[in-house]
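Chemist: Quick mapping for you: the protein sequence lines, in order, are chains A and B.
First residue of the first sequence? That's 173 in the working numbering, and the numbers climb one at a time after it.
First residue of the second sequence? That's 4 in the working numbering, and the numbers climb one at a time after it.
Derived by calculation from the structure, the hints in this document are not laboratory data.
A portion of the hints provided could be inaccurate.
Capping the alpha-carbon separation at 20 Å, the derived lysine to aspartate or glutamate pairs in EDC-like fashion look like this [unchecked claim]:
hint	chain 1	residue 1	chain 2	residue 2
1	B	K58	A	D267
2	B	K21	B	E65
3	B	K58	B	E20
4	A	K229	B	D102
5	B	K60	A	D267
6	B	K6	A	E213
7	B	K58	B	D31
Here the structure is a predicted model, which means the values were calculated and not measured.
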Amino acid sequence: GQNIDQPTEMTATEGAIVQINCTYQTSGFNGLFWYQQHAGEAPTFLSYNVLDGLEEKGRFSSFLSRSKGYSYLLLKELQMKDSASYLCAVTDPTDSWGKLQFGAGTQVVVTP
Amino acid sequence: DVKVTQSSRYLVKRTGEKVFLECVQDMDHENMFWYRQDPGLGLRLIYFSYDVKMKEKGDIPEGYSVSREKKERFSLILESASTNQTSMYLCASSLQAGDTQYFGPGTRLTVL
Numbered sequence: 173g174q175n176i177d178q179p180t181e182m183t184a185t186e187g188a189i190v191q192i193n194c195t196y197q198t199s200g201f202n203g204l205f206w207y208q209q210h211a212g213e214a215p216t217f218l219s220y221n222v223l224d225g226l227e228e229k230g231r232f233s234s235f236l237s238r239s240k241g242y243s244y245l246l247l248k249e250l251q252m253k254d255s256a257s258y259l260c261a262v263t264d265p266t267d268s269w270g271k272l273q274f275g276a277g278t279q280v281v282v283t284p
Numbered sequence: 004d005v006k007v008t009q010s011s012r013y014l015v016k017r018t019g020e021k022v023f024l025e026c027v028q029d030m031d032h033e034n035m036f037w038y039r040q041d042p043g044l045g046l047r048l049i050y051f052s053y054d055v056k057m058k059e060k061g062d063i064p065e066g067y068s069v070s071r072e073k074k075e076r077f078s079l080i081l082e083s084a085s086t087n088q089t090s091m092y093l094c095a096s097s098l099q100a101g102d103t104q105y106f107g108p109g110t111r112l113t114v115l
């Protein structure tokens, strides 16, 4: 099984940087997803990490350390529209169906 | 772009009613999923399907059943709705096991 932990809430000001951490304890590991979910809307895909290291996509970057069971999502130059919940999810190769296990999500509040 | 649609955004039902939630995807994806999302608990998998007429239980299948008669359509059925099934229900699809999942807009179900 999987145990996935992320902070419940983070607050930051417009233009700042916020780092959302995700730790996982798994029986196996294939890859890690980050999703963004605005209130009342569906989660939308942000990034997928399989190998160690940093992947940058515009203002958003995602980092993975497989040996430490750790990932973070970095949001730079925060904008008001970045206020949302950010979900971390992992896939387990011991699960033949490739199901995702989700963390509870981190609510990011961006203030003016 | 992948499009996943759900039959209703909001639904109000009474205890004991039979409830059908429909989900349709237009990208010929093999896998389809039903989740419920509750505050503080994150996304929890109810059922998923990896092919037409094939289904597997997720983490919380009790009180639910599913049907997949056509590849593009996956239905979630609450045989006898109860108040503890009040939740946000999200459908998702993916091309293959372990691939990125794409979500529908969600159905907020209230059972009175």
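Chemist: Hint by hint, note whether the structure agrees.
Modeler: Cross-check of the supplied hints:
1. Between the alpha carbons of B:K58 and A:D267 the distance comes to roughly 15 Å, so the proposed pair stays at or under 20 Å and holds.
2. Annotation: proposed proximity of B:K21 to B:E65 holds, straight-line Cα distance about 15 Å (limit 20 Å).
3. In summary, the hint linking B:K58 to B:E20 is not supported, as the alpha carbons are separated by about 23 Å, beyond the 20 Å threshold.
4. A threshold of 20 Å between alpha carbons decides the hint, and for A:K229 with B:D102 the separation of about 19 Å falls inside it, so the pair holds.
5. About 13 Å separates the Cα atoms of B:K60 and A:D267, which keeps this hinted pair within 20 Å; it holds.
6. Only pairs whose Cα atoms come within 20 Å are accepted, and B:K6 paired with A:E213 is accepted, the gap being roughly 14 Å.
7. Taken as a hint, the B:K58 and B:D31 pair is honoured in the structure, with Cα atoms around 17 Å apart against an allowance of 20 Å.
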